[in-house]
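Chain by chain, the residues:
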Amino acid sequence: MKNLVIIPAYNEEGSIVRTVEDLKENAPGFDYVVVNDCSTDNTLELCRKHGFSYLNLPVNLGIGGAVQAGYRYGFYHGYDTATQFDGDGQHDAKYLARMAMTLESENADMVIGSRFIEKEGFQSSSVRRAGIKYFTGLIHLLTHKTITDPTSGMRMCNRKIMAEFTVDYPRDYPEPESVVTILKKKYKVLEVPVIMRERKEGKSSINLKAGFYYMIKVSLAMIIARFKR
Amino acid sequence: MSLRLQIIVIVCIAFLILYILKSVSKKKMDFKFGLGWLLISVIIMVFAIWPKLLAKMSMLLGIADPVNMLFFFAILLLIMVVFSLSKALTKEQDMTKKLAQELAILRKDSWEYSNSKKNVNNNGALDTTIEQEEK
Numbered sequence: 001m002k003n004l005v006i007i008p009a010y011n012e013e014g015s016i017v018r019t020v021e022d023l024k025e026n027a028p029g030f031d032y033v034v035v036n037d038c039s040t041d042n043t044l045e046l047c048r049k050h051g052f053s054y055l056n057l058p059v060n061l062g063i064g065g066a067v068q069a070g071y072r073y074g075f076y077h078g079y080d081t082a083t084q085f086d087g088d089g090q091h092d093a094k095y096l097a098r099m100a101m102t103l104e105s106e107n108a109d110m111v112i113g114s115r116f117i118e119k120e121g122f123q124s125s126s127v128r129r130a131g132i133k134y135f136t137g138l139i140h141l142l143t144h145k146t147i148t149d150p151t152s153g154m155r156m157c158n159r160k161i162m163a164e165f166t167v168d169y170p171r172d173y174p175e176p177e178s179v180v181t182i183l184k185k186k187y188k189v190l191e192v193p194v195i196m197r198e199r200k201e202g203k204s205s206i207n208l209k210a211g212f213y214y215m216i217k218v219s220l221a222m223i224i225a226r227f228k229r
Numbered sequence: 230m231s232l233r234l235q236i237i238v239i240v241c242i243a244f245l246i247l248y249i250l251k252s253v254s255k256k257k258m259d260f261k262f263g264l265g266w267l268l269i270s271v272i273i274m275v276f277a278i279w280p281k282l283l284a285k286m287s288m289l290l291g292i293a294d295p296v297n298m299l300f301f302f303a304i305l306l307l308i309m310v311v312f313s314l315s316k317a318l319t320k321e322q323d324m325t326k327k328l329a330q331e332l333a334i335l336r337k338d339s340w341e342y343s344n345s346k347k348n349v350n351n352n353g354a355l356d357t358t359i360e361q362e363e364k
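Those protein sequences? They're chains A and B, same order as listed.
For the first sequence, position 104 (counting from the first letter as 1) is numbered 104 according to this note's numbering, and the numbering increases by one without interruption.
For the second sequence, position 66 (counting from the first letter as 1) is numbered 295 according to this note's numbering, and the numbering increases by one without interruption.
Some hints here could point you the wrong way.
Distance ranges between label pairs, derived from CB positions [stated by the list, open to error]: (1) A:Arg-18 <-> B:Tyr-248: 38 to 48 Å; (2) A:Lys-160 <-> B:Asn-344: 31 to 41 Å; (3) B:Gln-322 <-> A:Leu-142: 19 to 29 Å; (4) A:Arg-98 <-> B:Lys-320: 40 to 50 Å.
Below, a sample of chain A positions facing chain B; criterion: calculated Cβ distance under 10 Å [unchecked claim]: (5) Val-33; (6) Tyr-54; (7) Asn-56; (8) Val-59; (9) Gly-64; (10) Gly-65; (11) Gln-68; (12) Tyr-73; (13) Gly-137; (14) Thr-146; (15) Thr-166; (16) Arg-171; (17) Ile-216.
No lab work stands behind these hints: they were computed from the structure.
Glycine included, each C-beta is placed from N, C-alpha and C at the ideal position.
Based on the sequences and whatever the hints tell you, model everything.
Given below as structure tokens:
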């Protein structure tokens, strides 16, 4: 099994080194690639200095385009699994082995790391939790499947999904929308409980002001994804 | 429509047609866009030469004032143009995105390949050179 971890990074100089070191130490058997999305800080220099494996995008593509670059890389290089993993220190590398085990033993196409199964660790603010609950409900309405953490950025998938994502991946706020697309195509999606940390550096890409736009945009995108042929 | 206005419009449209043809021949505009603009110019030209045609058409469509019909179709046309531009822009964005991803992967692969071949130890040397050339 060849496993790849994709770390999208936009201005993550405060946490990128820690994230990669955590991966190297706690996730043996996983290759990784940092996708530098035209950071304006020292993210790229740090990757060079530490000899990290990285992709350097020539133009800023946003989170969707950066992650897709990683899936494309994994697909071209014959990886069996690819895992999205945030570069801001929220995710814990020790869960990757369990996710890979679930993917293989349950014959799943995608495994999502969920904060809300065992409800441990950082649970996000109540406003965000309400938003996530709403997405869970909408996904259930559209696909009759329950995904407790549809916005989770910690997701492992097999080659079939990698191929799908290489062809088509949403440009921004990709997680909930792509889950609907995958479920609609009858792929098997499972969740594994994980504990996430509160981010130490950087800010979430979604603040309260953008939240309203985010909810409407993602809702519509999910509905369109459900009825897309 | 006064004769003076008619002449002004006809002359303007004639210049516009010449300008479109020049842009197309100099490859500053794709022929498929040029064709659309030429068609629009010719239609305006026809109305400038035979203004009565305009009045007849608006009567046929039940629009009281010919000018209102003109405005209606002009706005409709502009909406269509803007809509098609949004679609064209999205297509361009998708192509740029794919190219950027392919380029990033190719750079990494070529860097690793040249490193494995020459076994040089200057980390990121090739990458830095490429970026300096860009600037």
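Just pull the numbers of the violated hints for me, sorted ascending. 1, 13, 14, 17
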